[in-house]
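Engineer: With our numbering as the guide, the letters of the sequence shown map in order to residues 1 to 430.
The set of hints was computed from the structure by calculation and includes no laboratory data. Hints may be right or wrong, so weigh each one.
[To be verified] Computed list of lysine to aspartate or glutamate pairs in DMTMM-like fashion (alpha-carbon distance at most 20 angstroms, straight line):
1) K40 with D133
2) K371 with E394
3) K424 with E337
4) K420 with E337
5) K249 with E234
6) K373 with E151
7) K282 with D133
8) K256 with E245
Remember, predicted model here, so these are calculated numbers, not experimental data.
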Amino acid sequence: MDKEILQPPRGMRDIVGKEAELHEYLRKKFQEVALLHGFKPIITPTVEFFKLFEEKSGEEIKKSMYVFKDKANRTIALRPEVTASVVRAYLRLLQSSPKPLYLYYIAQCFRYEEPQRGRYREFWQGGLEIFGDKSINADIAAAITASRYLEEIGVNHYYIVGNVALYRRIMDLFNISQETQDHILHLIDKEQIDNAMNELGRINEKASEIIGELINTPLENLEEFIGKYKNVLEKYTDQLLSEIEKTRKFINTMNKLGYKAIYKPTLVRGLAYYTGLIYEYKAEELTISIGGGGRYDGLTKIYGGPYEYSTGLALGIDRIALILSHKLRKFKLTNKEAIVIILNIPLLIGYSIQKRLIDIGVSATVIKTNKIKKALSLANKKNYDYAIIIGEKEYTQSMITIKNLLSGKQYQVPMNMLEKTIVKDILGEE
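Required output: the full structure, derived from the provided sequences and hints.
Structural biologist: Here it is, written out as structure tokens:
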């Protein structure tokens, strides 16, 4: 027998024994945490039409795709990432679902890249996608879910945060084409700043000047930067200020929840479909990122559907496996689900309540609204078991309202009685 056929192709691996057990554990744990945070599964094909990825996958990824002709002479690709497939499936099958729609996946991806430590040509991703929520709450909800997964499996991590909209709006102002924007952002992401500014300068010197200064401006000085160029930025001033505020709110919320988050102006990420806030997960044990995500509002429209607000992320299971020892831990699943409804109080309170529910095995999703009837209607449509409601009055009195959506029973109890009340209700005790 030819010994070569016993070897997998370069960049591919056979995973066996304890390492295989670890990978299986990491995938199961991701599923568990995603379910507990209100995400539902989606499975998409490994093989897609190449044109699905051609438009918005980004310069580097397009070069590394596995592309071939099938027997019907159609141009086909092994998926290099999963978000594009999820968006396609959403447009085809899920547009009428109640919003916001929370989806998760665990899937294999393929990129023809130079193999190195933590980088393989076949790799696993655990991803989260949210459709139909334009607020920063959606970004925080996805990010926190991934952070809690990393906490559960024992990976210390922090966030690097940026915002691609700041660059794109400035280049839009100077009529820089999308293709050129993608290339300039690719160079910035690779820290090739001089090359990026030189290429942009040959097209428009003023654009190069402004973006060059943006790259060197810390988060706390961005409003001052916008003010300096207000006359030039014109119609985009308000939008840029809004994106800065979203970025700051994301970072501040993460920090307050105990997750270190720092602003990095040159963070752009390799996917061309990002439209605003972006971030990466870093682990102290690896020099490369272990995942990342961000806003991709309007990607649905590029694929021929209506405009939809969307955000999501993906974690690299293979890179996470590098960090961990071969130790499996027992995991738990839940069959009870709650929606935490926050009325005109800080989101931080909602996520604190969410964690307390998850700690007793109850899946929980946080929603901030001033329309309680609409929120309860959504809870019923999505078949939640419980609604946990806290508004300004309850908050000032350290009280909380718990409603069993199946029996109709409602309790108003002190905040510190949350877990005990839920457990007693589940057990049917008075």
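Engineer: If any of the earlier hints don't hold here, list their numbers in rising order.
Structural biologist: Hints 5, 6, 7 are the ones this structure does not satisfy, whereas the remaining hints hold.
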